[in-house]
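Taken in order, these protein sequences are the chains called H and G. Counting with this note's numbering, you get residues 27 to 317 for the letters of the first sequence. Counting with this note's numbering, you get residues -10 to 317 for the letters of the second sequence.
Hints in this document: simulated from the structure, not taken from any laboratory. These numbers were taken from a predicted model, which means no experiment stands behind them. Hints are not guaranteed to be accurate.
Stated by the list, open to error - Calculated cross-link-like contacts (lysine to any residue; reagent style SDA-like; alpha-carbon spacing at most 25 Å):
hint : chain 1 : residue 1 : chain 2 : residue 2
1    : H       : 145       : G       : 11
2    : H       : 145       : H       : 128
3    : G       : 205       : H       : 51
4    : G       : 205       : G       : 69
5    : G       : 205       : G       : 236
6    : G       : 205       : G       : 102
7    : G       : 8         : H       : 210
8    : H       : 145       : G       : 106
9    : G       : 205       : H       : 304
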Amino acid sequence: MRVRATPFKSPATDTRTGRSPLGQFVLYVVLIALALLTLFPFYWMFVLATHTQSTIFSAPPPMWFSEFLQRNYEALIGRLPFLRNIWNSFYIAVMATITTMFFASLAGFAFAMYEFRFKRVLFGTLIASLMIPPLLGIIPYYLIIQYLGWLNTPRALWVPAMASAFGIFLMRQYIASSMPRDLLDAGRIDGASEFRIYWSIAVPIIRPGLATLGMLTFIGQWNNFLGPLVVLNQRDSYTIPVALRTLQGQIQTDWGAIMTGTALAVLPLLIIFIFASRQVIEGLVAGSVKG
Amino acid sequence: MARTTTSAPKLPLSTRFDKFQRRAAPYLFVSPFFILFAVFGLFPIVFSMYLSFQVWNPIQGLGTMRYVGWENYVWLFDDPWFWRSITNTLWIAFASGIPQHIVAIPLAFALARGIQSFRHPLTAAYFLPYITSAVAISLVFSTIFGTQFGALNQALIYLANAPWSAWLFGGLAEHLPVNWLGRAPYIKPAIAILVWWQFFGFNVVLYAAGLATIPKDYYEAAEIDGASGRQSFFYITLPLLRPMIFFAVTLTIIGNLQLFDQPFILTGGTGGTGQAGMTVAMYLYRTGFEWLEMGTAAAISWLLFLLIGTLTVIHFYFFGRSGLETRD
């Protein structure tokens, strides 16, 4: 005879884990303390963005906002073409995102929906390409970009990122689990071409998956550092991370200005994350776990 | 009826096109990736292998490339900076990697089994550093690690002197304030702290996904048998989580051995005092793009690849599938 746990949980003691209220309380304190530890640097970054050099370097360190955000921002755009740098980051990330959403879902559609010769070999190659450390090709990557005459252009960064193996894999999984293959035949009977079936039938179905892929691609490109560091070496072509890095090397490092810059670099990510943290987390886990 | 060309049953052009587009579609759809991969993925790997046997300064043009055999590799084996970058990388990889998993596994368990509410907000908080720009975060940590006014030293000084915590932290007082980023012995720990902070949340999420695959019945059955939360953790969660642990540790090995952004920013691009914070990835970058020794840099990238491969294979050998079955 099977004994089932009572469906009614009493709030006083959680029978599931046999924890006392005190134990629960302690556990919450530990978990919340750790969360504050992870969030503190973000908070402090925003605080320091509103302070000047003299209050940043004082003891105890500033823990609340001050009024020098404007001054820091002006210092930042005085030292760098920072608006241009923000635009570069944005342009590269958006171009990579749009193209990746298209090409990755198209290839994911093919791998999920069709049987064709060499499918296994091709998919195996795709998965194997995920295992290659990006550093291995960094020197030739620079040489190719130089050969193409793309140094200091956004193309150098978004063109190679147009179709990521990670994205194709993510889309394949998503399409295989959300779109019945019968829809292919239904579309063909209606006389639609294969591309038409992808565009008019598959894309509307996989919109949530596409949105996740889009966010992940945007975040990855926005944060990319080594790639831009290698192929961008004029101030006007810098992306935000490369621009911030140059501030650091200056003799009189203006930390208020730097923190204003980092806050601007982190802000779009925070906004995405506040609205779509579940999708971002689930997408990244699905892409890495099943790979 | 003599026709010069004969084609078997003559189908209407539209039907033939339809057949063609149906057969070609999957190949066309996957082709963009493979074209890009050939140009920006496969070719660079092959070319970096070729380049690692050449001496070449890119400023002087392609024509000046000169075949030197194994010279780049031999040179690296005698190069103290190369070995220092290897030991630095391994030190940081282990010092940040192992605590990531030691914290993440119980944390994921606590989130999944120990509490009833705020699961998602807490998970999201732990995860947030993973998706933020490593450069931005490293710059923030540069101020946190500041000697005189950094938040970390201020917190440690407080803990060392406050009455309630002095018994535990009082011993630190004589070492404070720590010059985290200026003195060689502290640079690697500082980098490891940052890397731990940035990536433990990602592992929490991975382990949470792993825990979700463990059937609830197992825990219920254990409970009926009178098992405590701790016993469920050690006798149900840990053994069943092993495949996920294997996977997450593999990701940590691959990622940690390629660390670049964090040490680069924390040491201002130099590697720090005595190159104490210079990782292999940084050494590779500096060799190629500061000292313009492209051949040597390509050789470093292949040696790094071999190191990653070797450690992954060792990890697989001891903890991979075969290891999973024979243990316990």
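Tested hints:
no.	hint	verdict
1	H:145 - G:11	15 Å, holds
2	H:145 - H:128	20 Å, holds
3	G:205 - H:51	24 Å, holds
4	G:205 - G:69	54 Å, violated
5	G:205 - G:236	22 Å, holds
6	G:205 - G:102	10 Å, holds
7	G:8 - H:210	14 Å, holds
8	H:145 - G:106	45 Å, violated
9	G:205 - H:304	23 Å, holds
Hint violations for this structure: numbers 4, 8, all remaining hints satisfied.
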